[in-house]
Amino acid sequence: MKEELLFGAAYYPEYMPYDRIDTDFAMMKKAGMNVIRVAESTWSTLEPSDGTFDFHYIDLILEKAAAYDLQVIVGTPTYAIPSWMEKEHPEVMVTTAQGRQTYGRRQIMDITDPVFLKYAERVIRTLISHVAEHPCVIGYQIDNETKYYENSSPELHRRFTEHMKQKFGTTDALNRAYGLAYWSNSISDWKDFPDPDGTINAGIAGEYDRFRRHLVTQYLQWQADIVSGYRRPDQFITQNFDFEWKGYSYGVQTDVNHQEASAAVTLAGCDIYHPSQDELTGAEIAFGGDSTRSLKMAPYVTLETEAQAFKEWTPYPGQLRLQAYSHLASGAKGLMYWNWHSIHNSFETYWKGVLSHDLEENPVYHEAEKIGAEWKKIGQERLQITKQNRIALVTDNHSLTALKWFGIDQKTTYNDVVRTVYDSLYELNLECDIVDVNALQTDRYDMILTPALYSATEKTISQLKQFVEKGGVLVSTLRSFVSDDHFSVYADRAPHGLTDVFGMYYQEIAAPGKTMIDGAKAQFMLELLNPAADTVFVSYEHKYWGSYAGITQHAFGSGTAFYIGTYLDKAAMKPVLKKAAQKMRTLPEQYTNPVMKDAQEKFGFPLILRSGVNAEGNKLHYVMNYSEEDMAVRMPYAHVKDLVTGTEYQQGDELKLKDWDVCVLQEL
Amino acid sequence: MKEELLFGAAYYPEYMPYDRIDTDFAMMKKAGMNVIRVAESTWSTLEPSDGTFDFHYIDLILEKAAAYDLQVIVGTPTYAIPSWMEKEHPEVMVTTAQGRQTYGRRQIMDITDPVFLKYAERVIRTLISHVAEHPCVIGYQIDNETKYYENSSPELHRRFTEHMKQKFGTTDALNRAYGLAYWSNSISDWKDFPDPDGTINAGIAGEYDRFRRHLVTQYLQWQADIVSGYRRPDQFITQNFDFEWKGYSYGVQTDVNHQEASAAVTLAGCDIYHPSQDELTGAEIAFGGDSTRSLKMAPYVTLETEAQAFKEWTPYPGQLRLQAYSHLASGAKGLMYWNWHSIHNSFETYWKGVLSHDLEENPVYHEAEKIGAEWKKIGQERLQITKQNRIALVTDNHSLTALKWFGIDQKTTYNDVVRTVYDSLYELNLECDIVDVNALQTDRYDMILTPALYSATEKTISQLKQFVEKGGVLVSTLRSFVSDDHFSVYADRAPHGLTDVFGMYYQEIAAPGKTMIDGAKAQFMLELLNPAADTVFVSYEHKYWGSYAGITQHAFGSGTAFYIGTYLDKAAMKPVLKKAAQKMRTLPEQYTNPVMKDAQEKFGFPLILRSGVNAEGNKLHYVMNYSEEDMAVRMPYAHVKDLVTGTEYQQGDELKLKDWDVCVLQEL
Amino acid sequence: MKEELLFGAAYYPEYMPYDRIDTDFAMMKKAGMNVIRVAESTWSTLEPSDGTFDFHYIDLILEKAAAYDLQVIVGTPTYAIPSWMEKEHPEVMVTTAQGRQTYGRRQIMDITDPVFLKYAERVIRTLISHVAEHPCVIGYQIDNETKYYENSSPELHRRFTEHMKQKFGTTDALNRAYGLAYWSNSISDWKDFPDPDGTINAGIAGEYDRFRRHLVTQYLQWQADIVSGYRRPDQFITQNFDFEWKGYSYGVQTDVNHQEASAAVTLAGCDIYHPSQDELTGAEIAFGGDSTRSLKMAPYVTLETEAQAFKEWTPYPGQLRLQAYSHLASGAKGLMYWNWHSIHNSFETYWKGVLSHDLEENPVYHEAEKIGAEWKKIGQERLQITKQNRIALVTDNHSLTALKWFGIDQKTTYNDVVRTVYDSLYELNLECDIVDVNALQTDRYDMILTPALYSATEKTISQLKQFVEKGGVLVSTLRSFVSDDHFSVYADRAPHGLTDVFGMYYQEIAAPGKTMIDGAKAQFMLELLNPAADTVFVSYEHKYWGSYAGITQHAFGSGTAFYIGTYLDKAAMKPVLKKAAQKMRTLPEQYTNPVMKDAQEKFGFPLILRSGVNAEGNKLHYVMNYSEEDMAVRMPYAHVKDLVTGTEYQQGDELKLKDWDVCVLQEL
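Protein chains in written order, with our numbering: chain A, 1 to 668; chain B, 1 to 668; chain C, 1 to 668.
Bound-form chain A, shown alone (with noise of 0.2 angstroms):
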């Protein structure tokens, strides 16, 4: 891999309508772009028909690659089968609890089945062997966008009750751990253990998920170990992480632990698709590269991302150009289109790639070769950052799966939480990184926020404790530490283990109604919280549940911890997570940069900044704006350069910025 970000797009001459390779090269050089990604997805191309492989496609790619000096990431092509496997082998299709799934779309077959796997690792073989060698070939995508597909067969419900088994020895321990007396389901021998498909238990249903999330880290480490054999040293694995979908990225990852699966991988790798036009806000793009930052807490690869694609995603002018800045300031090594081209077939035709149906240049792929002339220029040791950030948000996703059982309201998810924190820290330029429960270093951070972290075991809480004891800010949101790893709801006292931490402890839970908190609504669910006599609190406003506080603020050992008994939208969050922020060990700079302590209004968004150290460990800083509207602030570093413009500041000189414009400031 050559020492430049990477920038580029997914690219498919098997998908196109005539061959353009020349064309299509020439046109991404000419646009400063640098790596394909190929061969994810084309089985059916690669081995037309079983055993019978033909590479021409990959071939042609290597050399015309060569040829135009681009670099090649090879996916293995496992995510979408051909149709003869299943015509052979109907067995390879996924079975869920509807039943065995019909052929036709993408990520439909059983990622455990010996037959596919089988299959799978000979393709996997054949291609990698084949290619590995190439000098244009930089690394390896294993898979895409994996999950465990609602797997749900027989056989895999055998395979849980031996997990099980083997989780808990006898009945008794499991009936106990799950409570399976409750509406008759406990169980006197193994044999009896239900089929989970039917399963009211929340926990069990809760270990079944986790149980199939492990599907797909074995899945990916098995692909990791095939491809191991053949990749050069140089090369890099990589997976396309891809984030809860609600039209958009939206949040944690429901079917895959990231953290767990990344260990397959060399390079973390995902893929943000964010709103755009006058939704674009850049939160999904600092939430996923945070997320994919942190799982080895080093540079990451934004491995898909918009062009245009829906017509509500066509970027107005300027656009595009912010986002790819906006993955460079999370501390990614570049970026990659889905896709290319437009696709002229099938399911996806209203995706739009760089380059539309058309196949010629348009204003999209013209603001794609200003990005690409701009990097070029100022190069990779300059714009690529890591982070040391002393902020924590704590994500989970067996807690994920507890709010899709015991949610805070009908539509009010995990993400829902999640991203309210998350969004308010990122709003407020308070940087984080986004940790799994499970890999949580507490000794790194000054401040912890756990929003909604409802499964959580002693050895979480007692971590938080000491935190907090040792120093630490604390910041947890309703319906967090309500059970255990089993979800099994905590006997004692709520927050289990931590109402001396809180300084509070409640109940009951109520609708909020008209209640209101310091002036907002409360949303969706109240914890009557109940404060100690140092505790320092913001009651509830209502007639019956003003006696109770919404919010809590303790302190604790060295540390302070703060409690939201309720759901607050964004505008409500942020001063809590201001005050909380005052309260870190190292102050944040914007509570001791002179310039934005006088003009705190102006230092949040839509003006964001996002800062690390480049290569040449200089200090870095992106201004972004996100907003219609042109901008100007006073500088607030002391001495900075534009490294775009080249233009030099000193502090408190004014710094203007077109609508949707960066800049990029290198401490002087």
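Pairs count within a copy or across copies, as identical chains cannot be separated in the list.
The calculated lysine-lysine pairs, modelled on DSSO-like cross-linking and capped at a C-alpha distance of 27 angstroms, are: (1) Lys191 / Lys87; (2) Lys118 / Lys191; (3) Lys543 / Lys656; (4) Lys246 / Lys411; (5) Lys387 / Lys574; (6) Lys597 / Lys574; (7) Lys641 / Lys376; (8) Lys574 / Lys411; (9) Lys570 / Lys514; (10) Lys459 / Lys296; (11) Lys404 / Lys246.
These aren't lab readings, by the way, just hints derived from the structure by calculation.
Here the structure of chain A is known, so what remains is to put chains B and C in place on it, guided by the hints.
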């Protein structure tokens, strides 16, 4: 059974996170509770494997109940089956039109399956024989919230065909009764009788539903017969009847004919769950109570109601006590919460009991203590009442089914009409019985209301005609008397057989658009009524429908008949019902009592009055403030004593009620 | 067939609660009715058991029809099958992607199944041979509202594979045509052709739908061929084509290609159900009429329309008569109600006929009497018209399928675009033919409109290009000319092959957000049009999209082409269509008639004018007031006579129309 009001909760030591039965029973006693309901739904604990019984929980409960002087209602455990049964005999799972159901939930077995019945009989016999002689056991609950669980197995199809053959004899009679020629559904041989799952014949679907409701009746009788073989004469048999569920107990139960099914029990029981907090009106407690009391025209027991339950139902201070008295005001002999503790596991961890998950005292517990103390002080002989209502609201779950097929509007159901009429009576403090159409004894009443009695037999029609002729007041709404028992629309002028009684007929229906009537919106449907010359009527207000009446009043014989040809909300319905009540032979108190007459707007919701006669023969008035405002009215009764405070009042004295307060006035 | 306008109803003595055929026929005659439609959907009555026929109802009908001088249309009874057939041969039930359907409804058999066809042929031959010679029988309806009923059986899969093999020859050709490489769907052997149920390839799904629409064509031809073996030369064959159903007849039928299927019939027929009361506009009567008339460019018959039907459709006084004349105004040779009586049983008891359930005279019947009397008085030779429209609206159910996959917006369908364009023409009194794209003869027209013609072959594109070149006016909307016949998006500048005609191209699409155009909201989607130098255009009003045009007008050859790049509502669409109409070679009357020109705002909806030439060769104008307000305009025509009242008018005289009134003006 002691002569005490029942006050207690369902209790499941099987579900408890640790052994604390002494603590729990001591807390119950402290709160004045005197009864627990046990064993219902704990089959897998009672019989952990096929034929192996383990009664240690039962024995412990009974031993401790004796020690703490608690009464016990033992439930047969059949409403949830153990996993081993499903593993050994998958056929015990109910087969619906969607196929055989997956094990997991409760209420998911085939209650007609011989294997299931064999197992059920064994566990019932074993359990009941084991406990029957224990002095604490005051009664039995057979099964719980029983339904037919959408059973539609091939075997049931066969039995239904047999049923139809018995009912009609010839296929010609069948074809004629249901008009099967339509869309080519007629048959000439019983072997061709179509599968009811696919039927488009509402009449056959209606008969199938009735046939299946009858399965519930038979099943409960079968359980009652078994239990009767063991029970002592002083022990009762009850069932926990529940109502149509709309997130709370809403209206007439679809899947059970309570009247028919209640033959199996010696004491009518039900569960009543209702909105709370700002939505608490008492209407559901009154509706459920009036329904259940009317089954045997005798006191009943509320076997389940909420202590806290959902976040939306956590009671405001005062509400739990107001609710408790409201059950007594309907004629209950007590109430039990579901359940004692909050559930820590499985499905309903969101459902909070008297105790929250921390199992400590809390505000709800403290309010329960207050209830317990007051009830103990005043005593059952003073608080439990019987009623002789002169108004009957007629319900019919066959018409309910008909309205599912031929709705008034997409979202407007049979129960919406029933509840609008009932709730209007309730808010006017006009107390009524709620009587199944097949159990209606017209001579008990001065006024009869038939909301949406779509399917009415000739017998019912002639019964109602005679009732009016002899001086009764009949109030019927739209969609009454439309069809016969087979949902065949009567082929003469509507309303069939009663055009002379109502003094009108109609041929056409219409959508209301912007139609008003008497200043209110005419909603969902208009029946275009043609009044006779001697009929008093209110016309629709509409350019084209204005030539038709929407509400008619007609003298017939010695009585009066009112017809409401459109859907009115409560505000519009109440004036009509008020007018009708003034035609009753014996005027209700609000039209004769001088204080009430002078301040009519004060004696109605949210001020609710419900009355009866207690065991001492005294007239008792429950006066309830269903609002968050304090209230003051002049005392309407000549001379009464508040049984709670001991205060005496003369007519005209000021009576004050705090928000959500109640007082119990005994006439002196 | 007599030379009379057809006026009557479907009649089912089989469904009647008692024998009253004499009463019914006498009532029909009294109302001026002259025709009934019988036997359709009564198979189980005609053949109560396999091979046993019972024609007593048919014989009775024909005997009485002769007695009462009524004409009879005999329907083949095949649209609902008897239960015995399903019991003997379950395979006659249609198998959809959801499995084999359960017996009960109509339209639920496999119309390609040999067993079904054997039975169908026998009952058709037996019935038609039985009635063909009867003098009252004027024609036959083959089947009813035929569709393919989502048929997707394994056998159909096999036939579809065979069809594709015939169409493409090699799998390579198939792979290329549909871009099957995408998501690994390409095949190298026909045995691997994927099951269309699971396909994600819109093109293959589109071909499958077309293939299945063709099954309907074949089936109707098969029935017609059988019936033709018996029918007399004076007897017609018709089918009851229906439209996309949106609670009423809305737009182009999804599941039948009416144009192709109408080859089987000698007289085009259809059913038209439409909103009524405040929602009555006449647009559906006009749309259905224009569609059906255009099938054979000849008079058609409305075989079903509502008398009362739903509560929403009970007509206001005057509406039934207005509706009846509206059918004639589209060129119908008469209309029949569905149905004579209201249904007393089964599924459609909510659907009221000419007679309500009481089977007595009623307001609707009385208005029918008025229609009957007027039509008899005036006569068919004066009232029935033919048309030579110079405007064609082009429809295509293949594009309809494409838009299901690639919608303009989540809820915006192909038919929404079609209806907005059609309804705008209708409200402007610009009469048009509605022509299937494959039957379009461009030389018949001066103006052609292509709403959302997504899939357009090179042939169509070149046809339209030549049409404009030679002087025609072409009006196309967004999502026209996007793809070829396989739903492959054209890989050059859009709109493919017509950029020179329209004088613009576009590469990008966008969501409108707050975009306006010409003061109206641009809805759902923007195509970002780049106009050529000589193109007249209207730009989008938007900060970023304002640099693009949204509506273009361009001279090409001797003609003019308009393109509308976004979704406009009727109010915004009408000015564009008005402008386009003014470019027509022969100007429509509204632009030349002096009275109309001077009072343009008066000559448009709710005042609807529809014209033609009657059998006597006179020009006839139906003038209709679609509003509840009385209306007065100056007479636009030189010298006319109102055929109903006999009043004569000179140009400029005042013409008054009551609410929902119609007059029929014959030019003198």
